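Chemist: Chains as they are written, first to last, in this note's numbering: chain A, 2 to 397; chain B, 2 to 397; chain C, 2 to 397; chain D, 2 to 397.
Bear in mind the hints are in silico, worked out from the structure with no lab data behind them. Hints are not guaranteed to be accurate.
Far from chain D by the CB rule (all over 12 angstroms, computed), these chain B residues [unchecked claim]: (1) D19; (2) Q36; (3) N43; (4) L107; (5) K239; (6) R275; (7) D290; (8) Q291; (9) L293; (10) M294; (11) A296; (12) G323; (13) Y377; (14) L393.
Incomplete in silico selection of chain D near chain A, CB under 10 angstroms [stated by the list, open to error]: (15) Y4; (16) Q9; (17) V65; (18) G66; (19) Y69; (20) V73; (21) L204; (22) I205; (23) A296; (24) S332; (25) E382; (26) L386.
Only a predicted model underlies this, so the values are computations on that prediction, with no experimental measurement involved. Every residue, glycine too, gets a C-beta built ideally from N, C-alpha and C.
The lines below spell out each chain.
There are 4 protein chains.
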Amino acid sequence: MDYQISEQMQQKLQRIDDFLKTHIIPLEPLLLTGQWPTLMENLNGLRKKVQEMGLWAANLPKDVGGSYTTLVDLALIAEVLGQSPLGHYVFGCQAPDAGNAELLHLHGTEEQIEHWLKPLAAGKIRSCFAMTEPHTAGSNPTLLDATAVLDGDEWVINGRKWFTTSAEGASFTVAMVVTDPDAEKHSRASMILVPLDNPGYRLIRNIPVMGHKGYGYFSHGEVEFTDCRVPASNLLGKRGQGFALAQERLGPGRIQHCMRWLGIGKRSLNEMCRYVKSRKISSTQTLADQQLMQAMIADSTAEIAAARALVLETAWTVENLGFKAARENISLIKFYTANILQRVVDRALQSHGALGMTDDTILAHFYREERAARIYDGPDEVHRLSVARKILKQTV
Amino acid sequence: MDYQISEQMQQKLQRIDDFLKTHIIPLEPLLLTGQWPTLMENLNGLRKKVQEMGLWAANLPKDVGGSYTTLVDLALIAEVLGQSPLGHYVFGCQAPDAGNAELLHLHGTEEQIEHWLKPLAAGKIRSCFAMTEPHTAGSNPTLLDATAVLDGDEWVINGRKWFTTSAEGASFTVAMVVTDPDAEKHSRASMILVPLDNPGYRLIRNIPVMGHKGYGYFSHGEVEFTDCRVPASNLLGKRGQGFALAQERLGPGRIQHCMRWLGIGKRSLNEMCRYVKSRKISSTQTLADQQLMQAMIADSTAEIAAARALVLETAWTVENLGFKAARENISLIKFYTANILQRVVDRALQSHGALGMTDDTILAHFYREERAARIYDGPDEVHRLSVARKILKQTV
Amino acid sequence: MDYQISEQMQQKLQRIDDFLKTHIIPLEPLLLTGQWPTLMENLNGLRKKVQEMGLWAANLPKDVGGSYTTLVDLALIAEVLGQSPLGHYVFGCQAPDAGNAELLHLHGTEEQIEHWLKPLAAGKIRSCFAMTEPHTAGSNPTLLDATAVLDGDEWVINGRKWFTTSAEGASFTVAMVVTDPDAEKHSRASMILVPLDNPGYRLIRNIPVMGHKGYGYFSHGEVEFTDCRVPASNLLGKRGQGFALAQERLGPGRIQHCMRWLGIGKRSLNEMCRYVKSRKISSTQTLADQQLMQAMIADSTAEIAAARALVLETAWTVENLGFKAARENISLIKFYTANILQRVVDRALQSHGALGMTDDTILAHFYREERAARIYDGPDEVHRLSVARKILKQTV
Amino acid sequence: MDYQISEQMQQKLQRIDDFLKTHIIPLEPLLLTGQWPTLMENLNGLRKKVQEMGLWAANLPKDVGGSYTTLVDLALIAEVLGQSPLGHYVFGCQAPDAGNAELLHLHGTEEQIEHWLKPLAAGKIRSCFAMTEPHTAGSNPTLLDATAVLDGDEWVINGRKWFTTSAEGASFTVAMVVTDPDAEKHSRASMILVPLDNPGYRLIRNIPVMGHKGYGYFSHGEVEFTDCRVPASNLLGKRGQGFALAQERLGPGRIQHCMRWLGIGKRSLNEMCRYVKSRKISSTQTLADQQLMQAMIADSTAEIAAARALVLETAWTVENLGFKAARENISLIKFYTANILQRVVDRALQSHGALGMTDDTILAHFYREERAARIYDGPDEVHRLSVARKILKQTV
């Protein structure tokens with residue numbers, strides 16, 4: 002056994018961390034106060050630097066312009082980048098583009114790769130992923146409502162989706178639609194690529210999330226397809242493979258989510274430690290001297306350390322022993338880490354008192370935005386039941 | 002013993018609840034989407050109706066235009082009104098005006114009552130309360146920084162305050178300032194009334210709280226006093242009595258806070274129950290059939306019921322046996338109820354899935370805004386230690 | 002409304018508390034070290050004193066030798082007595098005799114009252130209650146296994162029961178058996194009185210519970226009925242009424258359980274406070290100066306206070322507005338209070354360090370014995386689901 | 002990086018697991034019902050087999066008769082053995098002998114090794130460790146009370162100790178005593194070897210722990226040294242090194258404790274899964290179909306997995322990068338794992354209903370005995386504060 006991160010990788014992580022602290026974190030106030038155009042201009046400038054540094058798109062292999070090495074390395078990078086809500090975007094591995102690019106890389110036709118993946122991977126265009134529906138429960142695939150019917154050599158798509166993250170300004174979406182309503186439960190849906198200048202597509206609204214409609218990349222759309230026609234060749238992967246691809250998209254993505262959350266946790270804990278050391282509560286003491294603060298620091302440290310050890314173990318297992326060997330863990334880490342994230346951020350906010358409620362620190366942003374971690378990609382409840390059923394099945 | 006609410010009071014609560022559900026809750030989307038001017042116009046219209054119905058200012062006695070009866074009744078009203086973030090404002094008993102009016106009623110000079118209290122109680126002007134300071138810990142009175150020095154027959158005030166709720170648009174503030182720096186720890190500060198058109202006063206900014214700067218009544222100011230001069234007669238109560246008055250202001254106010262939080266809890270639980278009954282997860286089942294949803298409903302019901310029983314008992318005790326007899330409970334209910342509130346809202350949000358993150362329901366608003374409950378008026382940590390020390394002192 | 006306990010009742014509670022502390026608590030070491038015969042001798046001596054003081058059997062009305070006044074008063078007495086595991090026995094209102102006596106009082110025939118209730122109420126004999134079965138889930142009445150068949154004028158009982166508390170040394174048991182297997186789900190069972198010198202009855206063993214087989218009153222039996230014949234007139238209440246009577250038995254019993262648990266909580270918290278004040282951790286400090294101890298004390302105080310307020314409210318409601326008005330609360334208080342009990346005892350034990358693990362204090366006894374509170378009379382899970390379903394049914 | 006356990010080690014673990022399940026677990030009822038002599042006879046028989054299998058004393062190197070390979074391997078073995086409270090004893094690596102043997106191996110003189118270590122390592126004698134004192138707080142070394150004074154070539158020991166585990170029947174103890182009262186705080190104490198047939202030594206009592214005085218190896222003694230004289234050469238390590246050695250003893254020991262606890266957790270979870278699958282709650286369903294059971298299983302699985310990943314990472318780090326590199330984790334894993342243990346056992350017990358309270362399963366034993374995990378070797382509170390202070394110190 003060997004738990005050590007290679008010297009070379011440690012240096013790479015340090016470079017990324019330095020870049021993040023020097024260039025990215027100082028831009029956060031633009032995010033927190035909604036100065037979108039200025040923010041985007043700055044971020045796009047930083048992206049060029051990252052490309053020059055050879056650190057671009059750690060989730061994609063070199064042949065499509067990325068810098069992928071291993072899943073464990075990608076996880077470690079996600080942790081560092083997660084410390085800022087702007088990190089992944091600057092380094093070209095942001096959701097939902099990352100997942101879309103990975104799908105295209107594995108399942109795209111040559112034409113699709115040329116037309117969609119290359120500009121996407123290069124950061125020239127953005128994309129979105131239209132799966133969640135407002136009126137159907139995502140946990141039950143048989144309820145999926147949006148449809149695509151083959152009419153000659155065109156798909157005709159109808160349906161409504163929401164939480165189509167980053168729809169505003171995106172060039173195309175991957176749409177999850179029912180193509181084979183009478184097929185077996187998990188083979189009813191397919192993924193279809195839809196360019197968003199299509200007249201049959203409409204961005205109804207940016208959904209107000211936690212008080213904000215966001216903007217561009219930082220938004221969540223509610224979108225509608227009305228007799229939306231695209232060429233038959235826009236099918237991504239095979240017909241009926243929609244859920245299989247969605248699972249595949251979520252697998253490694255989940256590890257990156259978890260590590261990103263742990264990055265947020267680490268940042269929050271660090272903000273907490275720095276604040277309590279600086280906050281005077283008497284002529285001789287700071288908040289850091291208070292046991293109740295110390296207890297919160299210890300609990301956060303322990304929870305982050307344990308979740309991190311498990312997520313890294315899972316990443317290694319997926320990469321080296323295959324997805325099946327890590328099946329339970331892949332479910333476990335989702336709800337376990339998301340709950341730890343919520344607690345760690347909550348404690349950090351609490352330690353800041355009234356300041357924690359303001360946007361003068363990043364914590365209130367984490368508190369409200371990352372509440373979604375326990376919901377998207379399967380709410381806690383779905384994962385807890387799923388893990389238990391796997392365990393019970395194995396029990397003899 | 003008699004735990005029954007009188008028939009008459011039950012009817013009054015029903016009237017208030019009907020009004021809230023018919024007239025106030027439908028205005029919430031204006032709040033959630035920041036349509037402030039339209040919102041205020043509507044709210045001010047409703048205030049007139051409430052005055053006509055004789056339900057105005059349940060926190061103030063009739064002689065100053067209110068409809069106060071007992072502390073328990075006021076608590077019960079606060080619970081009903083708390084179901085909407087707009088309830089208290091419409092019924093003329095909103096913080097921070099309510100607390101200021103109560104102070105003026107008990108400690109104001111005739112002139113102060115005439116000049117400040119009457120228009121405030123009538124809802125013609127608004128006020129704010131400048132106590133919290135950005136750079137000093139509120140839990141330690143000796144750290145209070147802002148000062149007022151008597152220069153002839155004028156106080157000269159200097160200092161910076163924040164979380165001066167509703168400062169924007171207010172006519173005056175009650176400022177908590179050190180007037181006697183060398184006095185005993187709890188006798189250093191006084192309260193002084195400051196009209197906000199004073200050139201020595203400045204509203205620096207509306208603090209961005211959880212992503213929002215708010216507006217007018219719905220904002221929190223950071224304010225500055227620079228050689229701000231007011232007449233010596235603007236002293237509220239006696240010199241050196243600042244902390245005593247602050248405590249007095251907080252006492253009954255705390256019961257109303259707790260009951261308001263329980264109203265929020267009740268509303269959230271109800272939203273949850275309605276949603277899970279309506280949300281289909283298969284052809285035959287809704288979310289309401291899921292044990293994990295049921296468990297969350299049961300836990301929320303129990304926590305609300307227990308906290309409510311304790312807060313009402315405390316209200317009755319304060320009113321009938323005096324503040325001392327309820328001393329521990331007054332501290333207890335603050336942190337206990339605030340934590341229950343957070344859990345109840347969190348569960349309701351979780352049950353709504355992605356919808357819970359949006360502003361299409363009130364839950365995300367409660368989630369982010371009411372996080373402050375565990376912080377303002379003394380963070381959890383301060384109250385927990387304070388309760389324990391009282392208990393330990395009594396232990397023989 | 003009036004939350005005040007009458008002067009007279011306060012004095013009564015004080016008398017009981019004094020007696021408990023002076024005479025009963027000093028006997029606890031005999032319990033903790035298993036010196037059963039000496040213990041029983043002492044306890045029986047104290048029972049006589051209690052009878053002379055007129056405080057005997059607070060759960061039973063005067064006409065059968067008790068001192069019942071109101072359900073709220075009974076609850077308050079249960080709280081005081083609960084402070085020691087010996088309290089209820091000495092005061093003649095111990096489970097399972099108390100519940101049996103209440104049933105006999107309400108549903109017994111004249112003959113049954115004369116023969117069973119009178120000596121039971123007087124403390125001359127003991128009884129037990131044979132309901133729980135080792136191999137069937139108590140939460141589902143249709144699974145009940147034990148049967149009684151009418152053969153001429155005799156019931157012939159067959160079946161196995163366990164957790165027949167206090168079976169060893171009891172004179173009779175109330176047996177819950179299926180008499181009408183084909184009746185509607187809740188009308189299949191009846192209660193039958195069985196004298197335990199019956200040759201068809203056998204005490205198989207005292208079940209080892211948390212490391213102990215106990216002794217006599219302080220034991221839990223596994224018992225067997227094999228063609229056990231008793232006269233038809235031993236039917237308690239009506240045929241098919243078994244579950245209805247069981248519910249009736251549990252209703253007020255549950256309030257007493259909850260108050261007894263709160264008495265245990267109060268005792269544990271008090272032991273904790275006294276210990277931390279006495280335990281030196283340096284030349285100038287005791288454990289009581291540690292914030293982490295204080296936080297535990299505050300949390301325990303708050304939880305006990307809230308649960309107590311709710312249980313008393315429930316008791317008052319049952320007595321004055323009827324069982325239906327308190328239906329949800331009756332379920333709520335069971336699981337809510339039992340969980341608080343576990344946490345409060347756990348914190349008290351933890352505060353004692355290694356000493357808490359020993360039987361040199363009462364805490365380890367509470368820790369292991371009272372773990373059952375979350376299980377008997379319906380485990381947490383059953384009550385949580387039951388409460389939620391009631392709430393959901395009411396939701397419109 | 003490489004997280005894989007070698008094929009060879011996996012086979013070894015499987016052999017140990019098979020032995021445990023075939024030979025050791027069937028003996029547990031003897032423990033649970035206190036049939037000590039029969040139990041010991043059986044256990045001692047199994048020990049011979051283990052020695053023959055070459056699996057004896059995995060904590061000790063081959064030169065003193067053990068089978069030590071690496072700390073990670075030892076950890077993995079501790080996890081398997083931990084599944085039964087009898088596992089470590091049978092495999093010759095049971096506390097407190099294991100820690101004593103490790104100390105003697107590292108710091109013993111040749112004579113000490115010959116005289117004490119060899120028979121101890123071979124399982125021919127037992128030992129104990131006298132450190133904890135009833136009247137002083139172990140968290141503060143300056144409070145240690147017991148003393149040893151050099152009188153000629155003899156130490157004269159006076160003092161009282163308790164929780165001297167396995168004192169009954171032990172041949173010698175390692176006594177922690179103040180030899181240099183005026184030295185710097187952490188250099189006041191030394192360790193001295195005391196043969197227990199010494200007239201100055203007395204086993205006052207077996208402490209009743211959770212209702213039991215235990216027996217022999219399975220007991221905790223309160224012991225007294227009264228002018229107890231031993232040769233000066235019985236000093237273990239250097240004079241004044243007592244606390245340093247104690248820390249050294251605890252370091253790797255802590256990893257074994259944590260892995261043993263995770264073994265208990267795994268066993269408890271497995272008992273739970275098996276039981277809920279077998280327990281019918283209706284004609285078509287078992288407890289395993291209940292979401293509330295499933296949620297408990299998922300939470301336990303996640304907590305065990307995360308803690309295990311962290312403990313193994315810590316073991317690897319200690320062994321490969323040294324103790325300092327793992328310093329925080331060594332504190333973290335103690336309280337983190339102990340708390341997980343408590344929750345996992347509690348859920349398993351709860352799932353068994355009334356059966357869980359009995360000694361018909363192992364769970365009630367784990368519930369009461371392992372409550373100590375949060376106390377011995379530093380209570381939660383001490384470790385939480387210690388971790389936080391390390392983290393705060395590093396914060397810049």
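Chemist: Of all the hints given earlier, name the ones this structure violates by number, lowest first.
Modeler: 7, 8, 9, 10, 11, 16, 17, 18, 19, 21, 22
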